[in-house]
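**Student:** Protein sequence lines correspond, in order, to chains A and B.
Residues in the first sequence are numbered from 1 upward in steps of one, following the numbering used here.
Residues in the second sequence are numbered from 1 upward in steps of one, following the numbering used here.
Everything labelled a hint here was simulated from the structure, so no lab data went into it.
Just to be clear, a hint being listed does not mean it is correct.
What the hints assert, rightly or not - Just the calculated beta-carbon pair ranges, DEER-fashion:
#, chain 1, residue 1, chain 2, residue 2, range
1, B, Pro207, A, Arg70, 31 to 39 angstroms
2, B, Thr139, A, Gly54, 44 to 52 angstroms
3, A, Val18, B, Lys8, 32 to 40 angstroms
4, A, Pro22, B, Glu357, 49 to 57 angstroms
5, A, Arg2, B, Pro157, 35 to 43 angstroms
C-beta atoms are modelled at their ideal positions from N, C-alpha and C, and glycine is treated no differently.
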Amino acid sequence: MRVHIPSALRRWTGGCDVIEVPLAADMRMTAAEVIEALAREHPGIRDRVLDEQGELRRHVNIFIDGENARSLGGLAAQVGANSEIWIHPALSGGAHD
Amino acid sequence: MAMATNAKLSPATGDILLMVGTVKGAFIFLSDRERGNFRMSGPHFPGQSVWSAAFIGNGTSRIIVGNKSNHWGAMVSWSDDFGATWKEPTEGNIKFPKGSGESLNAVWALEAATALGPEVVLAGVDPAAMFRSDDRGETFRLNEALFSHPDRPKWNPGFGGLCLHSILVHPQNPKRMYAAISSGGIYCTDDAGDSWAACVNGLRVHPDVPGATLCPHKLRFDPENPSRMYLQNHPGVYRTDNEGRSWVTIENGLPSDFGFPMVAHPRRGGTIYSFPLTSDEFRVPRDGAPRVWRSRDAGASWEPLGKGLPDRDGFFTVLRDAFSADTLDPVGLYFGTRGGQLYGSNDEGESWRAITEFLPPILCVKTALVD
Chain A
1 MRVHIPSALR RWTGGCDVIE VPLAADMRMT AAEVIEALAR EHPGIRDRVL DEQGELRRHV
61 NIFIDGENAR SLGGLAAQVG ANSEIWIHPA LSGGAHD
Chain B
1 MAMATNAKLS PATGDILLMV GTVKGAFIFL SDRERGNFRM SGPHFPGQSV WSAAFIGNGT
61 SRIIVGNKSN HWGAMVSWSD DFGATWKEPT EGNIKFPKGS GESLNAVWAL EAATALGPEV
121 VLAGVDPAAM FRSDDRGETF RLNEALFSHP DRPKWNPGFG GLCLHSILVH PQNPKRMYAA
181 ISSGGIYCTD DAGDSWAACV NGLRVHPDVP GATLCPHKLR FDPENPSRMY LQNHPGVYRT
241 DNEGRSWVTI ENGLPSDFGF PMVAHPRRGG TIYSFPLTSD EFRVPRDGAP RVWRSRDAGA
301 SWEPLGKGLP DRDGFFTVLR DAFSADTLDP VGLYFGTRGG QLYGSNDEGE SWRAITEFLP
361 PILCVKTALV D
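Next comes chain A alone, as it looks inside the complex (with noise of 0.2 angstroms):
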């Protein structure tokens, strides 16, 4: 699968901005598996898509082929080898900003 990386977080990635996580054809992952295997590799990542309690960020999304993964199960959303990932800060915005 392929993991988009947005420009906030290449420094993590040696400036990469897609990842190649590799996965069997025939088996899955969850997303919080793919963060996991993100961070393995680009320490840096993980602490800043999810809290301390392991749980996605309020204001970061995760888009499984262009569905949001808090409509699929959130971080136990499946994915698949030829899956495209993409890790985005939400838009979010109002009077404190």
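Guided by the hints, dock chain B onto chain A, whose structure is given.
**Tutor:** Then chain B, alone, in the frame of chain A:
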């Protein structure tokens, strides 16, 4: 005290450093001891809120800040070259234990606790907890005793969150420390943080109903007598003369009992500064005329200091960590507003000038003498 200019900073021994955290980044100001002109660098951490800052001297100058990205979380970062470069921890360096259900929201307080050791930094955070670093702010560990205090279920977040904002370490007996929490109260330890007890006798709660929690806003030591402390409380201004065992009100003479900061003179006992706001319901200076109020008798009487401050149409707020003093003689005082103005005085508050006027809303102002 003239306007700041944005410049690369080249500090010299004896210069005064201002570390200003805003909702959109940090700004660093530097001046010689005359404090006539400040050079500014920034924004550092553009787009991030910077809630706290501290300077660690002892010959190896380090600035540490509590920065927070609304997307990617909060942490403590540091610079060993006055902001030319910054180091962010690869992994979060302030974390609550797994399974605790808590996650870091913001780092409200950073204090170089030199009485505990040259490398020690204490951090106060939201949700309310204290963390200690023994490596100059790079890694931290939770103070378990305060985190698991039996009062914790009674603590409530205010508009700003549930924050531990004031940390005082007794200068002669560093096993004695104080921590103030909004809304939670003031807690004291005599065993370097192994156990904590509330020290709030005499303080009013707001609202005055059963179950309401205390909301201290800023706590400071008297510089000559650490048994004496001063408190801007949510309702009321207070002093203790007995290490927090009881508190007496010292708000008579002030235009209101509400405000956020409290500043103590760095050497002269009994001299303190306050920035009163109209009321809890209307958090701006009374009549739009911002004034710093000074007491030189430990709160028995107060005088307004307004030379150089607006006489009208000044409806800004000064938050609890956005007012501080340097250690020079005469003392310099500095406050930042939610309107983005940074004011300074180099004559102990007698007169004020805008150092700069158009920053993002200011969250904290800390000072240090470059050694």
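**Student:** Does the Cβ distance between Arg2/A and Pro157/B fall inside 35 to 43 angstroms?
**Tutor:** holds, 40 angstroms
**Student:** That 32 to 40 angstroms hint for Val18/A and Lys8/B (C-beta), does it hold up?
**Tutor:** Since the Cβ atoms of Val18/A and Lys8/B sit about 36 angstroms apart, the hinted range of 32 to 40 angstroms holds.
**Student:** Within 49 to 57 angstroms: is that where the Cβ-Cβ distance between Pro22/A and Glu357/B falls?
**Tutor:** With Cβ atoms ~55 angstroms apart, the hint holds.
**Student:** Between Pro207/B and Arg70/A, does the C-beta distance stay in 31 to 39 angstroms?
**Tutor:** Holds, since Pro207/B and Arg70/A (Cβ atoms, about 38 angstroms apart) stay within the stated range.
**Student:** Verify the CB-CB distance for Thr139/B and Gly54/A against the hinted window 44 to 52 angstroms.
**Tutor:** violated, 20 angstroms
Taken one by one, the earlier hints fail for this structure only at number 2.
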